[in-house]
Amino acid sequence: MAASRPASLSLIPAALALLASAGIAAATTAGAEARGEPSWVVNSAGSASVAGVLLILAAVTLTRAAVVGWAAALLAVGYAILLAGSGRAIDPWAPLFGLGILLSAELAFTARELRRPHASTFGLELSRWLRLLAVAGAGGVIGAAATVVASTVPGSVPGLLAGSAGAVCLVALAAWMRGRGAHRPGATPPD
Amino acid sequence: MTWSATERLLAYPWLVAGLFLAGIATGRPELIAVAAPFAAVLIFGLARSRTPHLSRPRVSLVHDRVIEGDTAEVKIEVAVPAEVSALEVGLAVPRGVEVAGCPNPAVIRRGEGAGQLACLTVRPRHWGVFPLSPVIFRAHDGMRLRRFEAQLVPGPEAALRVYPRSEHVRTLTRPARTNVYAGNRVSAQRGDGVEFADVRPFASGDRVRSINWRASARRGSLWINQRHPEHNADIVLLLDTFTHVGPAGAGSLEQMVRGASALAAAWLRDRDRVGIVGFGGTLRWLEVGEGLHHAYRIVDALLDTQVVFSYAWKGVEMIPARLLPPHALVVGITPLLDPRSVTTLLDLRGRGFDVAVVEISPEPWAGPITSDSAEIARRIWMLEREVLRSRFLNAGLGVAVWREGEPIEPVVAEVEGWRRRARLRFR
Numbered sequence: 003m004a005a006s007r008p009a010s011l012s013l014i015p016a017a018l019a020l021l022a023s024a025g026i027a028a029a030t031t032a033g034a035e036a037r038g039e040p041s042w043v044v045n046s047a048g049s050a051s052v053a054g055v056l057l058i059l060a061a062v063t064l065t066r067a068a069v070v071g072w073a074a075a076l077l078a079v080g081y082a083i084l085l086a087g088s089g090r091a092i093d094p095w096a097p098l099f100g101l102g103i104l105l106s107a108e109l110a111f112t113a114r115e116l117r118r119p120h121a122s123t124f125g126l127e128l129s130r131w132l133r134l135l136a137v138a139g140a141g142g143v144i145g146a147a148a149t150v151v152a153s154t155v156p157g158s159v160p161g162l163l164a165g166s167a168g169a170v171c172l173v174a175l176a177a178w179m180r181g182r183g184a185h186r187p188g189a190t191p192p193d
Numbered sequence: 010m011t012w013s014a015t016e017r018l019l020a021y022p023w024l025v026a027g028l029f030l031a032g033i034a035t036g037r038p039e040l041i042a043v044a045a046p047f048a049a050v051l052i053f054g055l056a057r058s059r060t061p062h063l064s065r066p067r068v069s070l071v072h073d074r075v076i077e078g079d080t081a082e083v084k085i086e087v088a089v090p091a092e093v094s095a096l097e098v099g100l101a102v103p104r105g106v107e108v109a110g111c112p113n114p115a116v117i118r119r120g121e122g123a124g125q126l127a128c129l130t131v132r133p134r135h136w137g138v139f140p141l142s143p144v145i146f147r148a149h150d151g152m153r154l155r156r157f158e159a160q161l162v163p164g165p166e167a168a169l170r171v172y173p174r175s176e177h178v179r180t181l182t183r184p185a186r187t188n189v190y191a192g193n194r195v196s197a198q199r200g201d202g203v204e205f206a207d208v209r210p211f212a213s214g215d216r217v218r219s220i221n222w223r224a225s226a227r228r229g230s231l232w233i234n235q236r237h238p239e240h241n242a243d244i245v246l247l248l249d250t251f252t253h254v255g256p257a258g259a260g261s262l263e264q265m266v267r268g269a270s271a272l273a274a275a276w277l278r279d280r281d282r283v284g285i286v287g288f289g290g291t292l293r294w295l296e297v298g299e300g301l302h303h304a305y306r307i308v309d310a311l312l313d314t315q316v317v318f319s320y321a322w323k324g325v326e327m328i329p330a331r332l333l334p335p336h337a338l339v340v341g342i343t344p345l346l347d348p349r350s351v352t353t354l355l356d357l358r359g360r361g362f363d364v365a366v367v368e369i370s371p372e373p374w375a376g377p378i379t380s381d382s383a384e385i386a387r388r389i390w391m392l393e394r395e396v397l398r399s400r401f402l403n404a405g406l407g408v409a410v411w412r413e414g415e416p417i418e419p420v421v422a423e424v425e426g427w428r429r430r431a432r433l434r435f436r
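Protein sequence lines, in the order shown, are assigned to chains A and B. Those letters in the first sequence? Residues 3 to 193, per this note's numbering, in order. Those letters in the second sequence? Residues 10 to 436, per this note's numbering, in order.
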């Protein structure tokens with residue numbers, strides 16, 4: 003039987019999650035200032051990003067996993083505000099922002115999972131993270147490719163249709179998962 | 010195993026969908042690029058996620074009978090399904106039981122040992138019968154998007170019986186009268202035995218070895234030594250189960266059962282016959298008996314002791330006559346809170362039974378005194394209890410107060426001391 007890790011080990015992913023989210027917030031604010039955006043853009047993007055960082059902090063300290071999703075959303079909103087004020091120029095760093103937000107969310111989830119007895123060891127955790135980084139990296143590359151295609155072929159009708167269909171599918175998936183998430187078979191052991 | 014979505018699967022689709030829609034609506038492909046890593050994790054994770062199937066897990070207790078304070082091991086045998094890398098095995102512990110020295114849930118990795126066995130050590134906080142709780146198996150897929158759970162409910166026969174840890178009592182209350190059966194107790198009667206009782210003139214049929222030669226030489230005729238035979242006695246423990254005071258698991262009922270267990274074991278060691286009468290809302294009993302088997306029967310009967318609330322008036326007439334053998338010593342263990350038990354003890358004494366009372370003091374559970382009027386009420390209550398004790402003593406019932414956390418032996422010694430003094434006084 004694998005011995006569970008002590009709770010103090012959850013501090014490492016928690017600190018890394020905070021660091022990653024703070025880096026995203028700083029990059030968003032610094033990017034907005036560097037581009038000479040209006041103050042409302044800088045303030046709004048910075049506020050949303052800082053709120054995201056605070057939510058990550060709340061998630062890792064209060065072990066509320068449901069907050070992590072909102073934190074990721076706020077970080078993404080901060081970046082979206084930055085884009086809204088930056089005219090029509092394509093931002094080449096977008097996939098990295100996505101990877102950073104995913105990384106901070108996963109680290110926050112992991113910190114929460116490590117604070118309770120869990121079915122994981124260092125080897126399992128390492129292989130999971132390698133797989134996650136590979137998949138997310140592949141996603142980032144695809145995202146970058148999509149950005150390049152969109153910038154070279156503006157107003158693509160097939161792209162618009164594919165994106166809309168994907169969004170609709172994801173909304174349906176999210177609604178279905180909400181139902182599955184509420185389902186808890188029987189009693190659950192203590193966390 | 011049934012599955013449910015983890016927080017990741019609840020959050021990521023909304024986030025990706027929102028970014029996709031925002032990207033399409035605003036014409037910013039960067040937002041889709043931001044969503045792409047999340048979408049990749051979702052697609053890859055869900056595509057590789059398979060619902061695992063547990064093949065006949067088994068749950069058993071290594072020892073199903075333990076003494077209070079000891080630990081018991083719950084053995085869970087399960088094969089980790091091929092679809093997941095590890096399995097969490099958790100025990101929904103019932104009230105009064107805690108998991109000791111091991112994580113709950115425990116973790117079994119795939120391919121770790123041949124047995125794939127998890128042992129959870131549980132420690133009951135007090136005596137009683139604890140049915141084994143459901144065992145929950147939990148696993149996650151590779152990206153931790155789906156949580157799989159299964160539950161195994163053990164059968165009703167899987168129960169942990171926790172016997173009270175009774176103290177070793179050496180000083181016991183001596184019954185006033187004994188039986189005719191052989192035992193360790195010096196009888197007041199005269200016959201064959203060890204203890205010298207008296208001398209009497211020789212009669213035809215007396216054994217020569219019983220002649221007291223000194224007395225015979227002094228008196229000029231043969232005199233015979235008389236001795237006290239060793240007999241056993243009948244003891245009936247009358248447990249007052251009308252009321253329970255104190256917290257569940259650590260109140261007067263638990264103290265009563267612990268005391269009854271210690272006293273029964275001590276009297277049985279002295280080769281006396283011991284019976285139990287649970288006198289409360291329902292009447293439960295175990296007739297007098299002796300020996301090791303009876304000791305186990307008594308402890309099992311004590312485990313089932315519980316307070317059943319009832320308004321019905323119950324008196325000594327409710328107790329079947331065969332439960333109270335003639336010459337039996339009746340030991341009432343009671344908090345002296347219910348008038349029915351008080352009246353029954355006095356009635357038993359009135360009917361000629363030898364009765365002693367161990368009073369379980371309810372004072373520790375009376376609650377904090379928060380006002381002057383409460384303090385006055387407490388003092389009046391204490392005075393009333395003192396009057397009740399005086400009534401008992403005047404009726405010839407030895408009574409001593411047993412407070413929580415104290416050993417029972419001094420209490421029994423106090424009762425015995427009072428009985429000895431009373432016997433000398435009334436002689």
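Some clues are possibly wrong.
Quick list of the computed label-pair ranges, beta carbon to beta carbon [as the list claims (entries may be wrong)]:
no., chain 1, residue 1, chain 2, residue 2, range
1, B, 375, A, 21, 54 to 60 angstroms
2, B, 52, A, 56, 29 to 35 angstroms
3, B, 119, A, 56, 37 to 43 angstroms
4, B, 109, A, 150, 57 to 63 angstroms
5, B, 79, A, 129, 38 to 44 angstroms
6, A, 118, B, 57, 20 to 26 angstroms
7, A, 129, B, 88, 18 to 24 angstroms
8, B, 88, A, 45, 53 to 59 angstroms
9, A, 118, B, 330, 56 to 62 angstroms
10, A, 56, B, 107, 32 to 38 angstroms
11, A, 118, B, 396, 28 to 34 angstroms
12, B, 259, A, 118, 26 to 32 angstroms
13, B, 259, A, 21, 46 to 52 angstroms
14, B, 103, A, 35, 56 to 62 angstroms
To give an idea of the interface, some chain A residues facing chain B are shown, with a C-beta separation under 8 angstroms as derived from the structure [said to hold, decoys possible]:
no., residue
15, 33
16, 37
17, 43
18, 64
19, 74
20, 124
21, 126
In case anyone wonders, no lab produced these hints; they're calculated from the structure. The C-beta atom is built at its ideal place from N, Cα and C for all residues, glycine as well.
Results of checking the hints against the structure:
The hinted window of 54 to 60 angstroms between residue 375 of chain B and residue 21 of chain A holds, with their beta carbons roughly 56 angstroms apart. Checked against the hint of 29 to 35 angstroms, the C-beta distance between residue 52 of chain B and residue 56 of chain A comes to roughly 31 angstroms, which is consistent with it. One distance hint, 37 to 43 angstroms for the beta-carbon pair residue 119 of chain B and residue 56 of chain A, holds here, with the actual separation near 39 angstroms. A C-beta distance of roughly 60 angstroms is found between residue 109 of chain B and residue 150 of chain A, which places it inside the suggested range of 57 to 63 angstroms.
Take residue 79 of chain B and residue 129 of chain A: their Cβ atoms lie about 41 angstroms apart, and the range 38 to 44 angstroms holds. Between residue 118 of chain A and residue 57 of chain B the CB atoms are about 25 angstroms apart, so this pair conforms to the stated range of 20 to 26 angstroms. Taking the beta carbon of each, residue 129 of chain A and residue 88 of chain B are about 21 angstroms apart, inside 18 to 24 angstroms as hinted. Between residue 88 of chain B and residue 45 of chain A the beta carbon distance is about 58 angstroms. The supplied range of 53 to 59 angstroms therefore holds.
Restraint check, residue 118 of chain A to residue 330 of chain B: a C-beta distance of roughly 60 angstroms satisfies the suggested window 56 to 62 angstroms. At roughly 37 angstroms, the beta-carbon separation of residue 56 of chain A and residue 107 of chain B lies within the given 32 to 38 angstroms, and the hint holds. Range check, residue 118 of chain A to residue 396 of chain B: about 57 angstroms between beta-carbon atoms, so the 28 to 34 angstroms window is missed. Roughly 29 angstroms separates the CB atoms of residue 259 of chain B and residue 118 of chain A, a value that falls within the hinted 26 to 32 angstroms.
In this structure the hint that residue 259 of chain B and residue 21 of chain A lie 46 to 52 angstroms apart at CB holds, the actual value being about 48 angstroms. Checked against the given bound of 56 to 62 angstroms, the beta carbons of residue 103 of chain B and residue 35 of chain A, roughly 60 angstroms apart, stay inside it. Here the hint on residue 33 of chain A is broken, as its CB sits about 12 angstroms from the closest CB of chain B, past 8 angstroms. Annotation: interface hint on residue 37 of chain A violated; nearest CB of chain B at approximately 13 angstroms, more than 8 angstroms.
For the restraint placing residue 43 of chain A at the interface with chain B, the shortest Cβ-Cβ distance is roughly 14 angstroms, beyond the 8 angstroms limit, so the hint is violated. A distance limit of 8 angstroms between C-beta atoms decides the matter here; for residue 64 of chain A the minimum to chain B is near 13 angstroms, and the interface restraint is violated. The restraint placing residue 74 of chain A at the interface with chain B holds, with a minimum CB-CB distance near 6 angstroms, inside the 8 angstroms limit. Against a cut-off of 8 angstroms between C-beta atoms, the interface hint on residue 124 of chain A is violated, since the closest Cβ of chain B lies about 12 angstroms away.
The interface hint given for residue 126 of chain A is met, as the beta carbon of that residue sits about 6 angstroms from the closest beta carbon of chain B, less than 8 angstroms.
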